[in-house]
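Protein chains: 2
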Amino acid sequence: MQELRGMPVAKSLREALSQEILRLKESGTVPRLAIVRVGEREDDLSYERGVYRQFEAAGAQAETTALPETVSQRELEDTVRRLDENEDVDGILLFRPLPGHLDEAAVCSLISKRKDIDCMTPMGAAHIFVGDKEGHPPCTPQAVMELLSYYGVDLTGRRVTVVGRSMVVGRPLAMLLLQKNATVTICHSKTENLAEECRRADILIVCAGVPEMITKEYMREGQIIVDVGIHAKGDGLCGDVKYEHAREIAGKVTPVPGGVGSVTTVVLLRNTVESAKKRNSRSCGKG
Amino acid sequence: MQELRGMPVAKSLREALSQEILRLKESGTVPRLAIVRVGEREDDLSYERGVYRQFEAAGAQAETTALPETVSQRELEDTVRRLDENEDVDGILLFRPLPGHLDEAAVCSLISKRKDIDCMTPMGAAHIFVGDKEGHPPCTPQAVMELLSYYGVDLTGRRVTVVGRSMVVGRPLAMLLLQKNATVTICHSKTENLAEECRRADILIVCAGVPEMITKEYMREGQIIVDVGIHAKGDGLCGDVKYEHAREIAGKVTPVPGGVGSVTTVVLLRNTVESAKKRNSRSCGKG
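Chains C and L are the protein sequences, given in the same order.
Per the numbering used here, the very first residue in the first sequence carries number 10; after that it's consecutive.
Per the numbering used here, the very first residue in the second sequence carries number 10; after that it's consecutive.
It should be emphasised that the hints constitute simulated quantities derived from the structure, not laboratory data.
Keep in mind that the hints are not guaranteed to be accurate.
You can't tell identical chains apart in this list, so a pair holds if it fits in one copy or across any two.
Unchecked claim - Distance condition first, Cα-Cα at most 16 Å in a straight line; then the derived EDC-like pairs of lysine to aspartate or glutamate:
(1) Lys-286 / Glu-96
(2) Lys-242 / Asp-52
(3) Lys-225 / Glu-205
(4) Lys-199 / Asp-163
(5) Lys-20 / Asp-244
This one's a predicted model, so the numbers in the text were calculated from it and none came from an experiment.
With the sequences and hints as input, model every part of the structure.
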């Protein structure tokens, strides 16, 4: 069994990015991410810490606007609008889901195309669906693709089963897999005989959001299993996949923690750097 | 074997629409579709005739702006812009693909949301992908859904295989099927062992654009087969499915002609009527 660790993927991506960031700085542009956090959810805080580590290691900037859980729609929109109008900000990351009294779609729609580094706007989604390479795919599905690519997994013609159909992971991931010529099956909570659908996959990607739901009955000898889930478990963390079972059955498997999650923040960095490059070429054009 | 004919589906939809069109006319609004055709491709002309028949039978208007195959980008854009600015036009249908010298995306992007009755704009695509019920799905996938619904096919948890991944049919259809809780597999020209993927489907939907490619090896006893293809064959027409084989093996099958195609134009009518209702409520609001 080969463990598909995220760290080497992240390292290789970050090395390339560090060079680019250096060049950008030399021409006066520091890539800068603005995080907007409402409340203090533990998973948001944990992701935020990961983002800061990643950006600092690479020489880029990240900063957080923290708003109380009781923030009004108006105040939140004003915050996002202000960040969007600030030319020095290259990306806006809004932690979701927002508390129930807030209209998420209305807030996201304020983010302009260049700063939509996690595919939060409808136009961002359209680009992924159409497959025209404009805009940035959301970071988590993109991290899955980077991880598979780094480990040399050829997707052409392969059977890939995606468990989960959210707009944050499952659906955009299915589109990215299709672009790489995989035969894609999208499963979800209403799928009959999910275990069979999972077993027949060459590559099984789980983004269902249910701790350790994928047990040995769902696995086939030699399979490649990618676990997108991350949950608190006792003192540690677990994924959507029962790792002890995957370790015995699968050919290759991503660990949790240390798998897809370790690649996500470097993808966020890359999307921010790409946006900063656009800003830089504009200001050079002006100058 | 049950033949899933499109005519009764179209009839039932048209009857409901005729009532709505009558009411709209009473308040001074005639639903009006503007077709933009470049060149004189036989399949465009044939579809156009079908649209005219449908709209006339229901008391709505359709009109064509025919442009020569050598039309310039500028001239085509001017035509679409003019139709989009004309408040009395409820829908714009641009026949595609356009000749190679024209930029299709640039032309489509000129169509405003209300008039995008065949999901030609990126925002239209975003609505289908996100599944927020805004905008109109493209007519052909919507016709497939209407046909399945009319014949009482429950999709929840069922295995549906879609052969074809175009933005006109395959991909939007996959999203509509997901919304109805089907387990969806998207196959295409690079799929390995396509016959096996097809055979295991409860419902097989073929939109591959290859005449009679789905032969008995791709079918399973009792399956529901929906054939979206339409091609000239001798003096007649055929689909993507070898009908003589499907008739012997499948449980239910759509004929070609007389299947999905017969529903498409009535869906186009419905989308146009919905747009006309928006126009009407605006003008009533004003008056």
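Taking the hints in turn, this is what the structure says about them:
1. Lys-286 / Glu-96: within (13 Å within a copy, 42 Å between copies)
2. Lys-242 / Asp-52: within (13 Å within a copy, 60 Å between copies)
3. Lys-225 / Glu-205: Answer is within: at 11 Å inside a copy they meet the 16 Å cutoff, but 24 Å across does not.
4. Lys-199 / Asp-163: between (29 Å within a copy, 12 Å between copies)
5. Lys-20 / Asp-244: neither (27 Å within a copy, 63 Å between copies)
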